[in-house]
Amino acid sequence: MEAQSNIQRLFKPLISWEGFLLFALILLFIGNSISSPFFLTVNNQINLFQLSIEKVIVAVIMTLVIINAEIDLSVASIMGLSACAFGWLFQMGVPAAAAVPMVLVLGAILGGFNAFWIAWVGIPSLVVTLATMIAFRGMARVLVEDRGITDFPDWFDGLGQNPFVGPFPLAMIVFFLLVAIFYVILQKSTFGRQVYFVGSNREVAEFSGVNVRRVKATIFIASGLISSLAGLLFAARVGAVRGDVALGFELDIITIVLLGGVSIFGGTGTMIGTLLSILIVLNLRNGMALSNITGHIQTGVLGVLLILSVMVPTIKQFLTKLFGAKISGEQKELKNE
Amino acid sequence: MTNPILEMRNVHKNFGKTAALSNFSLALYPGEIHALVGENGAGKSTLIKSMTGIHQPSSGEIFVDGKKCTFRSTQESQAGGVAAIYQEPMVFPDLNIAENIFISHHDRPAFINWKQMYDEAEKLVARLGVNLDVHRAASSLTLAEQQTVEIARAISLDVRVLIMDEPSASLSNHEVERLFGIARSLRDQGVAVLYISHRLEEVFELSDKVTVMRDGEHISTKPTAEVTHDTLVAEMVGRDMQGRFARVPSVATGETMLSVKGLRKFGEFRDISFEVQKGEIVCFSGLVGAKRTDVALALFGIEPADEGQIEIDGKNVEIATPKDAIEMGIAYVSEDRRKLGIAMEESITANITLPMLARYANKMGLINTQLEHEDAQNYREKLNIKTNDLDGAVGTLSGGNQQKVMLAKWLNTNPTILIVDEPTRGIDVGAKAEVHQIIHDLAAAGVAILIISSDLPEVMSLADKIIVMREGHIAGIFAGEDASEEQVMRLAVGAKTQEEVA
Amino acid sequence: MLESINRKFGPNTLRVSILVLVLVLMVLFFSTQIQNYLNPRLFVRISTSVSIIALIAVGQAVVVMTRNIDLSIGSIIGCTAYFLGGIMALYPNIPAFLVMPLAMLIGAGFGMVNGLLVSRFKLPSIIVTLATLAIFRSILVQSSGGRSITTASLPVWLVDFARTNAFEIAGFQIRWMVVIAVLVVVVMHIFLTRFRAGRQFYAVGSNPDAAEFAGINMQKTVLQAFLISGALAGLAGFMYLSRFGNITVVAGLGLEFKAVGAVVVGGINIFGGSGSVIGALVGATLIDLLDNSLVRWELVSEFWRDAILGLLILFAVAMDAILMRRLNARRKKPIDEKVQDPQDAISTNGTTPKMEEK
Numbered sequence: 001m002e003a004q005s006n007i008q009r010l011f012k013p014l015i016s017w018e019g020f021l022l023f024a025l026i027l028l029f030i031g032n033s034i035s036s037p038f039f040l041t042v043n044n045q046i047n048l049f050q051l052s053i054e055k056v057i058v059a060v061i062m063t064l065v066i067i068n069a070e071i072d073l074s075v076a077s078i079m080g081l082s083a084c085a086f087g088w089l090f091q092m093g094v095p096a097a098a099a100v101p102m103v104l105v106l107g108a109i110l111g112g113f114n115a116f117w118i119a120w121v122g123i124p125s126l127v128v129t130l131a132t133m134i135a136f137r138g139m140a141r142v143l144v145e146d147r148g149i150t151d152f153p154d155w156f157d158g159l160g161q162n163p164f165v166g167p168f169p170l171a172m173i174v175f176f177l178l179v180a181i182f183y184v185i186l187q188k189s190t191f192g193r194q195v196y197f198v199g200s201n202r203e204v205a206e207f208s209g210v211n212v213r214r215v216k217a218t219i220f221i222a223s224g225l226i227s228s229l230a231g232l233l234f235a236a237r238v239g240a241v242r243g244d245v246a247l248g249f250e251l252d253i254i255t256i257v258l259l260g261g262v263s264i265f266g267g268t269g270t271m272i273g274t275l276l277s278i279l280i281v282l283n284l285r286n287g288m289a290l291s292n293i294t295g296h297i298q299t300g301v302l303g304v305l306l307i308l309s310v311m312v313p314t315i316k317q318f319l320t321k322l323f324g325a326k327i328s329g330e331q332k333e334l335k336n337e
Numbered sequence: 001m002t003n004p005i006l007e008m009r010n011v012h013k014n015f016g017k018t019a020a021l022s023n024f025s026l027a028l029y030p031g032e033i034h035a036l037v038g039e040n041g042a043g044k045s046t047l048i049k050s051m052t053g054i055h056q057p058s059s060g061e062i063f064v065d066g067k068k069c070t071f072r073s074t075q076e077s078q079a080g081g082v083a084a085i086y087q088e089p090m091v092f093p094d095l096n097i098a099e100n101i102f103i104s105h106h107d108r109p110a111f112i113n114w115k116q117m118y119d120e121a122e123k124l125v126a127r128l129g130v131n132l133d134v135h136r137a138a139s140s141l142t143l144a145e146q147q148t149v150e151i152a153r154a155i156s157l158d159v160r161v162l163i164m165d166e167p168s169a170s171l172s173n174h175e176v177e178r179l180f181g182i183a184r185s186l187r188d189q190g191v192a193v194l195y196i197s198h199r200l201e202e203v204f205e206l207s208d209k210v211t212v213m214r215d216g217e218h219i220s221t222k223p224t225a226e227v228t229h230d231t232l233v234a235e236m237v238g239r240d241m242q243g244r245f246a247r248v249p250s251v252a253t254g255e256t257m258l259s260v261k262g263l264r265k266f267g268e269f270r271d272i273s274f275e276v277q278k279g280e281i282v283c284f285s286g287l288v289g290a291k292r293t294d295v296a297l298a299l300f301g302i303e304p305a306d307e308g309q310i311e312i313d314g315k316n317v318e319i320a321t322p323k324d325a326i327e328m329g330i331a332y333v334s335e336d337r338r339k340l341g342i343a344m345e346e347s348i349t350a351n352i353t354l355p356m357l358a359r360y361a362n363k364m365g366l367i368n369t370q371l372e373h374e375d376a377q378n379y380r381e382k383l384n385i386k387t388n389d390l391d392g393a394v395g396t397l398s399g400g401n402q403q404k405v406m407l408a409k410w411l412n413t414n415p416t417i418l419i420v421d422e423p424t425r426g427i428d429v430g431a432k433a434e435v436h437q438i439i440h441d442l443a444a445a446g447v448a449i450l451i452i453s454s455d456l457p458e459v460m461s462l463a464d465k466i467i468v469m470r471e472g473h474i475a476g477i478f479a480g481e482d483a484s485e486e487q488v489m490r491l492a493v494g495a496k497t498q499e500e501v502a
Numbered sequence: 001m002l003e004s005i006n007r008k009f010g011p012n013t014l015r016v017s018i019l020v021l022v023l024v025l026m027v028l029f030f031s032t033q034i035q036n037y038l039n040p041r042l043f044v045r046i047s048t049s050v051s052i053i054a055l056i057a058v059g060q061a062v063v064v065m066t067r068n069i070d071l072s073i074g075s076i077i078g079c080t081a082y083f084l085g086g087i088m089a090l091y092p093n094i095p096a097f098l099v100m101p102l103a104m105l106i107g108a109g110f111g112m113v114n115g116l117l118v119s120r121f122k123l124p125s126i127i128v129t130l131a132t133l134a135i136f137r138s139i140l141v142q143s144s145g146g147r148s149i150t151t152a153s154l155p156v157w158l159v160d161f162a163r164t165n166a167f168e169i170a171g172f173q174i175r176w177m178v179v180i181a182v183l184v185v186v187v188m189h190i191f192l193t194r195f196r197a198g199r200q201f202y203a204v205g206s207n208p209d210a211a212e213f214a215g216i217n218m219q220k221t222v223l224q225a226f227l228i229s230g231a232l233a234g235l236a237g238f239m240y241l242s243r244f245g246n247i248t249v250v251a252g253l254g255l256e257f258k259a260v261g262a263v264v265v266g267g268i269n270i271f272g273g274s275g276s277v278i279g280a281l282v283g284a285t286l287i288d289l290l291d292n293s294l295v296r297w298e299l300v301s302e303f304w305r306d307a308i309l310g311l312l313i314l315f316a317v318a319m320d321a322i323l324m325r326r327l328n329a330r331r332k333k334p335i336d337e338k339v340q341d342p343q344d345a346i347s348t349n350g351t352t353p354k355m356e357e358k
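Protein chains in written order, with this note's numbering: chain A, 1 to 337; chain B, 1 to 502; chain C, 1 to 358.
Keep in mind the hints are simulated off the structure, nothing from the lab.
By construction, the Cβ of each residue, glycine as well, lies at the ideal position given by its N, Cα and C atoms.
It is possible that part of the hints are untrue.
[Unchecked claim] Far from chain B, some chain A residues (derived; all Cβ distances over 12 Å):
no.	residue
1	Ser36
2	Ala97
3	Pro163
4	Pro167
5	Ser208
[As the list claims (entries may be wrong)] A few chain A residues that face chain B, going by a derived Cβ cut-off under 7 Å, partial list only:
no.	residue
6	Ile181
7	Ser189
8	Thr190
9	Tyr196
10	Ser200
11	Asn201
12	Phe265
[Said to hold, decoys possible] Mimicking BS3-like on lysine-lysine, the simulated pairs with C-alpha atoms at most 25 Å apart in a straight line are:
no.	chain 1	residue 1	chain 2	residue 2
13	B	Lys222	B	Lys49
14	C	Lys220	B	Lys339
15	B	Lys261	B	Lys323
16	B	Lys261	B	Lys315
17	B	Lys382	B	Lys315
18	A	Lys188	B	Lys323
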């Protein structure tokens with residue numbers, strides 16, 4: 001009996017989705033390393049991250065949004081609007097150092113706008129954020145029209161482009177900080193626990209004294225704030241803003257999160273899963289780019305992965321059936337008592 | 001004598017090892033209203049489902065017009081002339097009445113002749129003797145009108161056996177009158193109506209024959225004229241003493257813990273006043289739909305009452321949210337484990353500690369998982385929760401163990417007032433005894449306990465005080481040791497005594 | 001008041017009437033703001049542009065009625081326009097009457113992929129179509145190798161089709177495109193209101209459990225909805241090809257959001273079961289008219305278009321949600337009436353159990 005449960009403990013991580021992702025990631029590393037000797041160097045990995053850093057930053061908070069059984073399609077538009085608002089403020093003569101906090105406040109307000117309709121009026125987040133996706137993008141275009149705004153102060157561009165600590169640029173440090181913070185929030189904090197329960201079963205959470213509206217509102221406000229931060233980082237990295245900053249990023253971001261094992265129906269998923277998924281997607285895109293596969297096709301491949309990822313429950317079931325039948329036998333016995 | 005339209009012979013239906021129907025025989029004749037009565041859980045819904053093709057009997061035979069039939073779906077049963085309508089009507093809110101009636105007519109032409117359809121629908125509705133505009137969308141109808149639409153749908157399919165499953169439970173008096181009118185006109189047109197109701201007055205007013213069932217078995221079928229309220233109630237509850245739990249002496253302390261005065265919620269309940277002492281076990285008895293759960297939800301702050309006072313430990317309190325209630329020491333264990341009780345995807349430990357998370361958190365809001373596990377471990381031992389992984393999802397446990405996790409979750413809030421809604425529904429005898437023991441232990445520790453139960457033997461063995469509710473108000477209060485099942489049941493169904501009937 | 005209106009006309013007629021009223025008011029408003037607004041040229045421009053949006057809005061409406069969503073429409077239009085252009089360049093002799101069915105067939109092929117994934121594998125339609133949005137586009141990019149379709153490579157009749165009049169009323173020219181779009185709306189309206197097969201879309205979205213109970217084949221119905229949406233997107237792709245002639249790999253990008261917007265504004269409940277294609281048409285017209293008018297309004301920069309469009313969608317949904325909540329509130333059963341019934345008061349007194357002192 002004891003031995004059996006030890007075996008179970010040993011195998012458990014392997015039959016989990018995260019274990020599967022880790023396995024896939026190792027395969028990907030091996031494959032890419034064979035095709036290019038420079039692949040597994042720190043610099044190459046940093047470059048990989050830098051190319052999509054804004055997306056992966058937003059994927060961190062999107063993990064919470066989807067665990068909470070909601071969706072936020074407006075993140076990319078908030079990124080765009082924030083970047084454009086920054087450019088516009090800068091053009092109006094507001095110093096960049098003052099514009100940054102103003103834009104972050106704007107991001108939180110945009111998130112709060114979503115939260116109002118979702119948590120208080122009770123309109124599904126899919127509809128609300130679809131509408132605000134269009135509206136926020138439109139506002140970004142109102143601010144900068146068809147111009148591009150450049151010539152930000154050197155310190156600002158430098159934050160996006162130069163190494164900040166060691167070889168790591170600021171955005172990457174922000175990313176890992178956010179991953180660490182939200183890992184702790186999800187796994188260790190009371191708020192994180194409430195996020196899981198609200199996503200898994202809203203009524204149960206409500207009956208247990210959880211303020212469901214407050215949890216949902218907090219997440220959407222945080223989503224707006226972090227998207228806005230990502231938009232600013234984009235502006236700093238590229239050194240310019242236009243109306244189409246981050247256009248269409250929401251698909252990539254949602255794909256990453258779902259691929260990381262977060263269920264679209266809420267209640268399950270982890271930050272580790274999202275992190276592994278980010279590593280896989282970045283390295284996969286890199287591998288495809290090395291094989292001369294263009295951006296649109298890469299997105300198509302991600303689309304296929306997205307469909308596979310919503311089959312996660314089906315795949316999980318299949319894997320458990322295949323490998324876990326003996327291991328979970330004990331549990332089943334209990335069920336039939 | 002004419003031949004029966006529908007006849008069941010020796011039908012058995014087993015779920016796993018438990019028999020929901022055993023050796024059940026019943027015959028329904030054209031042009032009669034046949035009432036079916038029995039306690040909650042007597043097997044009435046299994047019977048209906050076996051007749052309408054939702055369940056297939058494990059053994060036994062069903063005959064329609066003397067021909068043996070096997071219904072594998074509701075469509076097949078409808079084609080065979082048997083249909084059922086339920087308390088909650090199955091209508092399409094966005095479609096109009098005529099369309100709702102004819103939606104399951106798959107043999108009608110592909111092109112819809114609306115005028116003809118309205119005409120036919122009007123005729124059907126007129127046949128029921130009601131006045132309804134068939135152009136109206138179902139979403140604009142009252143529950144009673146939606147039921148009428150369902151009945152019209154059934155007779156449009158030339159159904160000759162119509163089963164009505166507690167159709168009156170949420171209807172007002174004049175709506176019930178109208179429903180009776182419909183049932184009678186169907187009878188006069190040669191339809192066999194099987195009418196299931198908890199309300200005995202209705203049985204006597206409406207039916208020609210009455211069948212009593214208990215614990216999945218057929219007890220009796222007699223002409224209604226030959227039975228009385230007393231004989232019916234006796235047959236419904238009269239079970240052997242086997243399986244009863246012995247009464248435990250009351251440990252009530254005499255100090256009032258909870259006092260409710262004149263609680264009212266418009267459209268739900270009214271005039272709810274009672275007291276619970278420390279250590280006292282008070283049971284709410286009554287039929288489904290008597291609004292017992294609504295009173296509990298008001299006390300727990302989910303759907304706060306509109307009027308009335310709640311006093312806890314002598315202090316007047318205001319309960320607006322579940323959080324308020326939990327802070328005041330109230331715990332509510334819901335009857336709907338899956339929907340309201342526990343979150344299946346989350347771990348056992350997390351489920352247990354959810355309402356009390358603040359207790360495990362430091363100032364930063366971080367949870368001390370060590371402490372959490374100790375408490376969960378504690379409950380695993382105390383309540384005998386069978387699992388070897390407290391971090392595993394609750395969904396992997398058996399029903400009885402899930403029930404214990406839900407109980408552990410609320411015990412962990414250290415309640416001074418514990419409300420338990422149907423504590424043992426759907427769990428086996430062993431687990432039931434364990435749950436009862438836990439309740440007694442809590443009472444002994446001075447917790448005021450409120451139990452909502454439709455299980456009469458359970459009420460009889462547990463209660464220090466029995467509050468019977470009917471249709472949103474308190475119909476009577478008994479002392480637990482003096483009450484009999486008959487008395488409680490009589491009050492719950494609104495039965496009349498001999499003198500009254502006469 | 002609300003109740004009597006609802007009884008008489010039904011919520012949908014009410015909605016569409018309000019929308020038409022808004023449409024008329026909008027036209028009046030812009031005619032005071034924009035010089036020479038009500039001219040035949042602008043009419044032609046807007047009517048042809050609406051035709052394309054109306055087609056995909058109708059397809060989207062059918063999908064939404066069944067409680068699903070199709071976000072891949074833009075990519076289907078792009079693919080159909082591109083592949084059809086390629087085929088026409090290779091085989092310019094394909095008879096004109098076969099081209100439109102061909103376009104619809106291509107579109108329905110894409111729709112079938114969506115429909116099978118959603119109905120057979122029970123995957124959420126939002127995820128499936130978000131993914132196929134990318135997948136179909138990448139198929140287009142892959143097979144085109146970056147080349148564009150140009151007007152020069154197409155048969156003359158095809159290029160001229162978008163500019164050919166069916167007839168003329170009082171100086172206002174009605175293009176064939178408009179006639180086809182109106183025809184589709186009318187046919188779909190008749191199908192959805194007059195045919196049993198059409199009513200099943202409503203039934204499935206209105207109450208899936210009851211639909212199953214009534215013996216309606218859910219999988220088939222959902223698959224059909226995606227096939228219709230795909231076929232109509234294909235037809236829109238044909239019009240797109242004719243109207244613009246030059247087709248690049250980004251053709252039709254973002255049109256899916258216009259379709260969803262039109263449907264939501266047109267009063268089709270995002271939770272399924274209600275709405276009409278007439279509503280979708282009016283919604284499409286409203287959105288496109290707003291789009292085309294804002295461009296010409298000097299007071300406001302044309303860049304306000306999307307901002308206003310997004311807020312309009314949100315506003316329409318919020319109004320609808322609040323309105324429907326008001327209408328539904330009436331449905332609550334009148335229990336108080338029963339509880340207060342004087343008859344009830346006597347019924348408990350007959351029994352004489354020992355009543356406990358309170």
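Hints, one by one, checked against the model:
Distance to chain B confirms Ser36/A as a non-interface residue, since its nearest Cβ pair spans about 41 Å, more than 12 Å. With a cut of 12 Å on Cβ distances, Ala97/A stays outside the contact zone with chain B, its closest approach being about 30 Å. The beta carbon of Pro163/A is kept farther than 12 Å from every beta carbon of chain B, the shortest such distance being approximately 31 Å. No beta-carbon of chain B is positioned within 12 Å of the beta-carbon of Pro167/A; the least distance is around 32 Å.
Look at Ser208/A: its CB is around 4 Å from the nearest CB on chain B, not clear of 12 Å, so calling it non-interface is violated. The interface hint given for Ile181/A is violated, since its Cβ lies 12 Å from the closest Cβ of chain B, which is over the 7 Å cut-off. At about 5 Å, the closest approach between the beta carbon of Ser189/A and any beta carbon in chain B falls short of 7 Å, and the interface hint on this residue holds. Look at Thr190/A: its Cβ gets to within about 4 Å of chain B, closer than 7 Å, so that hint holds up.
Here the hint on Tyr196/A is kept, as its CB sits about 6 Å from the closest CB of chain B, short of 7 Å. Interface hint at Ser200/A: satisfied, since its Cβ lies 4 Å from the closest Cβ of chain B, which is below the 7 Å cut-off. This hint holds: Asn201/A has a C-beta 4 Å from the nearest C-beta of chain B, less than the 7 Å allowed. At about 9 Å, the closest approach between the beta carbon of Phe265/A and any beta carbon in chain B exceeds 7 Å, and the interface hint on this residue is violated.
Of the pairs offered as hints, the one joining Lys222/B and Lys49/B holds, with about 23 Å between alpha carbons and a cut-off of 25 Å not exceeded. At roughly 30 Å between alpha-carbon atoms, Lys220/C and Lys339/B are farther apart than 25 Å, so this suggested pair is violated. The hinted pair formed by Lys261/B and Lys323/B meets the criterion: a straight-line CA distance of about 22 Å does not exceed 25 Å. Only pairs whose Cα atoms come within 25 Å are accepted, and Lys261/B paired with Lys315/B is accepted, the gap being roughly 13 Å.
Simply put, Lys382/B and Lys315/B have alpha-carbon atoms about 33 Å apart, too far for the 25 Å limit, and the pair is violated. Under the criterion of a C-alpha separation no larger than 25 Å, the hint pairing Lys188/A with Lys323/B is consistent with the structure, at around 21 Å.
Violated hints, listed in ascending order, are 5, 6, 12, 14, 17; each of the other numbered hints is respected by the structure.
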